[in-house]
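Colleague: Below are the chains, spelled out letter by letter.
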Amino acid sequence: MFPLSLLNAATDNQILIELKNGFCYNGLLVNCDKFMNVNLKDVTLTSKNGQEFWKLNSCYIRGATIKYFQVEPELADRDSAISVHPTSHTAA
Amino acid sequence: MAAELGKLIDHRVMVLTNEGRTIVGDLAGLDQSINLILRDSVERVWSSDKGMELVPSGGLSMLRGDSVAAVCELNADADAAMDWEAVKADAIPRLKP
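Listed in order, the protein sequences are those of chains A and B. Residues 1 to 92 in the UniProt record's numbering are what the first sequence spells out, letter by letter. Residues 1 to 97 in the UniProt record's numbering are what the second sequence spells out, letter by letter.
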C-alpha cells in the first residue's frame, strides 16, 4: 500500500490531519494531489492546546505542513488503496 | 534506500519522530519519501516520574516522511518480555534542525 494511494482512496471520507504546528483538522476529504496537498470540507479545526475550536466550510492544506493523518481502518482493504502505483515526481 | 525499509512491511516497527515521539505500529506501506502507513499504532509516552503510558493513535494512520527520524524493527519477543509500565525515562527531546 502506498501512502498517496491510501490518501486517494480516502476521498469522500472523514480524515483527521495534524499539522506540524500542532493544529488538528477533522473533515471530509474532497481532493488531494501527489504533493499531499488536500482540500477538506465541513472541517472542525482544533488548536494545539485543545482549547480553541473553529468550524470551517472548506479549507486547503499544503502537503508539506502535514505531520500525520488518520483515516478509517476499513480503507486499507479498498482496492484503490492497494493497487495504485505512484507516478514518479520531485517533491514540491 | 526505501527498498531496505520495504523488508519491514507487515512487521511491527517503532518510529522515532522529529518531535521525539516513539510510535509503535504495523508497517502497512511506505514510499520513496519515507511517508509511512501504520496500522494499530500506539504512542509510547515516557516520563521520569511515572511509568510508560500508551496513547493509541487510531486504526490506520499515515506519518509524513519529513517528520520521521528513524524506523526500527521491533523484536516482538523481547518487547513482550519487558515490563514497560514500570520503566521511567526522560522524554526524548525534539530534534534540532
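No lab work stands behind these hints: they were computed from the structure. Note that beta-carbon positions come from the ideal geometry of N, C-alpha and C, so glycine has one too. Each hint should be verified, as a subset may be incorrect.
A few chain B residues that don't get close to chain A, going by computed Cβ distances all over 12 Å [claimed, not checked]:
no.: 1; residue: E4
no.: 2; residue: E19
no.: 3; residue: T22
no.: 4; residue: N35
no.: 5; residue: I37
no.: 6; residue: R44
no.: 7; residue: G58
no.: 8; residue: G59
no.: 9; residue: M62
no.: 10; residue: G65
no.: 11; residue: W84
no.: 12; residue: A89
Okay, the calculated bits of chain A under chain B, using three or more residues with CB under 8 Å as the criterion [said to hold, decoys possible]:
no.: 13; segment: 7-20
no.: 14; segment: 60-67
no.: 15; segment: 70-78
Some chain A residues near chain B, calculated using beta-carbon distances under 10 Å [claimed, not checked]:
no.: 16; residue: M1
no.: 17; residue: G50
no.: 18; residue: F53
Colleague: Hint by hint, say whether it matches the structure.
Modeller: Checked hints:
Consistency note on E4(B): stated as away from chain A, and its beta-carbon is indeed over 12 Å from all of that chain's, at 17 Å minimum. Non-interface call for E19(B) relative to chain A: violated, since the shortest CB-CB distance, roughly 8 Å, does not exceed 12 Å. Here T22(B) stays apart from chain A, with its beta-carbon at least about 14 Å from theirs, past the 12 Å limit. A beta-carbon of chain A comes within 12 Å of the beta-carbon of N35(B); the shortest separation is about 4 Å.
For I37(B), the requirement that its beta carbon stay farther than 12 Å from each beta carbon of chain A is not met, with the minimum near 5 Å. No Cβ of chain A approaches the Cβ of R44(B) within 12 Å, the least distance being about 16 Å, so the stated non-interface status holds. Taking the minimum C-beta to C-beta distance to chain A, about 4 Å, the non-interface status of G58(B) is violated against the 12 Å cut. Its closest Cβ contact with chain A, about 3 Å, brings G59(B) to no more than 12 Å, contrary to its assignment away from the interface.
Residue placement check: M62(B) does not keep its beta carbon more than 12 Å from all beta carbons of chain A (closest about 5 Å). A cut-off of 12 Å between C-beta atoms contradicts the statement that G65(B) is not in contact with chain A; the least separation is 8 Å. No Cβ of chain A comes within 12 Å of the Cβ of W84(B); the nearest lies about 23 Å off, and the non-interface call holds. No Cβ of chain A approaches the Cβ of A89(B) within 12 Å, the least distance being about 23 Å, so the stated non-interface status holds.
As drawn, the segment 7-20 of chain A meets chain B at 3 residues by the rule of a beta-carbon pair under 8 Å; at three or more, the given contact holds. Figure legend: the segment 60-67 of chain A, annotated as covered by chain B; annotation consistent (4 residues with Cβ-Cβ distances under 8 Å, at least 3 required). Coverage of the segment 70-78 of chain A by chain B holds in this model, with 6 residues showing a Cβ closer than 8 Å to a Cβ of that chain against a need of three. Hint on M1(A) holds. Least Cβ distance to chain B is approximately 3 Å, under the 10 Å limit.
Interface restraint check: G50(A) against chain B, minimum CB-CB distance 14 Å, threshold 10 Å, status violated. Here the hint on F53(A) is broken, as its CB sits about 20 Å from the closest CB of chain B, past 10 Å.
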